[in-house]
Amino acid sequence: MGQTRRITQNNKASSIHAGFLVAAAVVRMSFTNFLGLFLPSLIVERVFASKFINDYEKLSRSWISKIILFITTTIAIFFSVTVALGFYTVSSIAITTCIIHIVYVFVYIYLFRKNYIELRDINQGIYQQNIRYTLSIKFQLTENQRVMKMLRHYNRNIYGDYWYYSN
462 MGQTRRITQN
472 NKASSIHAGF
482 LVAAAVVRMS
492 FTNFLGLFLP
502 SLIVERVFAS
512 KFINDYEKLS
522 RSWISKIILF
532 ITTTIAIFFS
542 VTVALGFYTV
552 SSIAITTCII
562 HIVYVFVYIY
572 LFRKNYIELR
582 DINQGIYQQN
592 IRYTLSIKFQ
602 LTENQRVMKM
612 LRHYNRNIYG
622 DYWYYSN
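Take 462 as the starting number for the sequence shown in my numbering and just add one per residue.
Keep in mind that the hints are not guaranteed to be accurate.
Unchecked claim - No more than 30 Å apart at the CA atoms, straight line, and that leaves these computed lysine-lysine pairs for BS3-like:
id, residue 1, residue 2
1, 575, 610
2, 527, 575
3, 610, 599
4, 519, 599
5, 527, 599
6, 527, 512
7, 610, 512
8, 575, 519
9, 519, 610
10, 599, 512
11, 610, 527
12, 512, 575
13, 599, 575
The hints are simulated quantities; they were obtained by calculation from the structure and are not laboratory data.
Note that this is a predicted model, so its numbers are computed, not measured.
Construct the entire structure; sequences and hints are all you get.
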């Protein structure tokens, strides 16, 4: 009887430890997923900055950052829990990650070129007649270009290290 009680207590203790281990793994994966979605989140923010280029710095649009953070956090936690529960294979996780980052790269290239062309046109005096405040638009385009160039260097470091360590 004493041995049965000890085994039961050991099972309870091991299940509690296993629960803590799974919870810690989910929290760690959530942070890792959040970091993996960091660059795409920055690009989404720059898309909004390009869309509202006329008054992006003047008007407070805190809803943009709140929505981006909410969606990014939700996706990170969702994938962490479902991966921990074993809903995905390693290959499906790799394919999903590749798709997210390929879309990110294409949106990055499109946005970089679009902002570059618009900034070049304003600098050369070629712009639409309905644009009244070229100085504020020029500032925002310059800011977009600065952030995009910073991301380009960051991408080189991340993907370069990834390529280097994978070989």
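Now for the hints, and whether the structure bears them out:
| no. | hint | verdict |
| --- | --- | --- |
| 1 | 575 x 610 | 14 Å, holds |
| 2 | 527 x 575 | 26 Å, holds |
| 3 | 610 x 599 | 16 Å, holds |
| 4 | 519 x 599 | 14 Å, holds |
| 5 | 527 x 599 | 26 Å, holds |
| 6 | 527 x 512 | 17 Å, holds |
| 7 | 610 x 512 | 19 Å, holds |
| 8 | 575 x 519 | 22 Å, holds |
| 9 | 519 x 610 | 23 Å, holds |
| 10 | 599 x 512 | 14 Å, holds |
| 11 | 610 x 527 | 24 Å, holds |
| 12 | 512 x 575 | 11 Å, holds |
| 13 | 599 x 575 | 13 Å, holds |
The earlier numbered hints are all upheld by this structure, with none contradicted.
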